[in-house]
Every structure is written in C-alpha cells, then in structure tokens.
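Go by the hints and put chain V onto chain R.
Taken in order, these protein sequences are the chains called R and V. Note that our numbering has the first sequence beginning at 1, numbered continuously upward. Note that our numbering has the second sequence beginning at 1, numbered continuously upward.
Everything labelled a hint here was simulated from the structure, so no lab data went into it. Incorrect hints may appear among the rest.
Said to hold, decoys possible - Partial selection, computed: residues in chain R whose CB lies under 10 Å from chain V:
hint : residue
1    : 34
2    : 69
3    : 92
For each residue, glycine too, the CB sits at the ideal point set by N, CA and C.
So you can see what is in the structure, the chains are spelled out below.
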Amino acid sequence: MTTGASDSDLVTASLLQAGVVVGDIHGEVDLNNSPSLRSRLLEALRQWKPTKLVLNMSKVPYIDSSAIAVLVEVLREIRRSGGKVLLVELQPRVKGLLEIARLDSVFVIAKDQAEALQL
Amino acid sequence: MSHATAAKDQMETTRTGHRVELNLLSHPGLLRKARIALEEYGREMGLNGTQTDRIGLALNEALANVMCHGYGGATDKPIQVVFDRRGQGADMELVVTIRDWAPPFDPSTLPNDPPPPDPDNIKPGGLGLLCMRKLMDQVHFAAQADGMLLTMTKKVSTQESTQERCSVQ
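Okay, chain R solo, but in the shape it has when bound (with noise of 0.2 Å):
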C-alpha cells in the first residue's frame, strides 16, 4: 500500500529544458503533507522561472483538497509569468476529486510527460 511519503521523497524536481520544469511527485497528500509540497513547489518555481510546471502524478494514488490548493496556487503563481502547470498520468481517484472540484478544466491534463511536452 502506498502511503503518504516522507517530505523529501514527496516531490522531485529538475529543469528539463529552458523554462520547463518537471515535477514528480511520490505518494498520497493530504493535509499533513500538503505544505511539504506547496513549499517545495514554490521554489522550484523561484529557482527555475518555468513557463511550463510538467507534474507527473503516475505514483499518486490520494489527494485531498489541501493538494488542490496547493496544485491552485502553483497555478496561480506560474499563470502570472504567462506560464501553465501540466499533470500528467493522474490517477482516477485523482482525476476524480479535480472533476468535483471542477477545477479538471482549469489545469492541462496529459496522459504521459511526452504528450505533456507536446502542448
């Protein structure tokens, strides 16, 4: 069973290219581990300035609604340089909350970082 991760496996991120950075994240997030990801997020993108957050979450089996004001803000953060946060291989209890939160329109959802690289 995959559970919550600790704070430094929870997400690893690396430049890939001029202005893209790809993030993977590992494990179920909720409340307890949201901030982790929320900061770690936040300096990937003060230390890189992508125009484009590819965010692989194949290794994600839960979130809770504190993720998806941490993947918002990201969002909102990345949207005032003109850029757009990507998930990518999500997960269907995943995809699932983004439908409830009806929030699944407002991200770019791709099946793999390939298609993700494409848009």
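Relative to the frame of chain R, chain V by itself:
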C-alpha cells in the same frame, strides 16, 4: 491517551456491535488512519471500492476542516468520530458523525451550492465542503453549546447507481 505518544499517533478505536468510535487529536498525521478505518468499515457493510473511496475522502475533508478552521491548526484538540449503520436492507445507511469542541459557527452561513471555484481566489475550506456534499447523500452541521456536530450519511447500495452525482473512483 498516553502522553508519551506523539499527537500524530493518538487515535483510540472502540467498537460496540456495529458502532465504531474513534477518539483522536486534531493532528493531520491522523487523517489517513481515520480515513482507512472508515473505508474498512464501509467494505464490511458491502460498499464497493468506489463507494469506500468516496466516504473516506468525505471524512478526510470533514476532519481537515475541523483541524484547519475549527481548531485553527492546533494539533492537540479532541475530535470524536462515530461510524454506525441505520435501517435495514435496501434502506440501510452509513452514518458518520464528527464531534468537535471548537468555537461553534452558524451552519446557515455556509453556502448551499458553492459556485465553481475561481482559481484566482480559491479557499481550501470551501473545496472541502463542496467535496463532502458531492460525496455523501446528506451533510448536516449542528451547533452545540461547546462545539459542532457534523452528521454525514450515505445510502448503502450493493450496486453502483448509474446516476451517481460524481465520478470519483
């Protein structure tokens, strides 16, 4: 509860017949434990995987709201959760109550049908309420003299309705 145990580990479970009572502290580290306990209870009642996912998330959101908004982030305050069943056969319902001792609020101030979230002005607490209402059949807040009592119910159906109001899996 043992003072030697970290707050995030403090959840006591008591079962009497079909009634399960969880007593926990308001630490976000306990969200997962409480959610898993309800999902297991739902499975015992015959709910399928999609349905147990929904009730688990609804409990997560309700508890997170108490922790964040009721108790303002304090991690050592008491919360009592009860799972029980009501009715029989096709009328059977899962009933989840969440009692807290945070300053009570007027439930009539809550929006009945929150508008679609504005990404530029999103409030996490509002999202939680929206999720609870979408995921459960009934969500009812009752102010108590010394806190709040939230009751959420979910009809137990062994067959997933094709007209479920949401598509979380």
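Structure-based check of all given hints:
Because the smallest distance between the Cβ of residue 34(R) and any Cβ of chain V comes to about 9 Å, under 10 Å, the interface hint for this residue holds. For residue 69(R), the interface hint holds, since its Cβ comes within 10 Å of a Cβ in chain V; the closest pair sits about 4 Å apart. Given hint, residue 92(R) at the interface with chain V, holds; its Cβ is 4 Å from that chain's nearest Cβ, closer than 10 Å.
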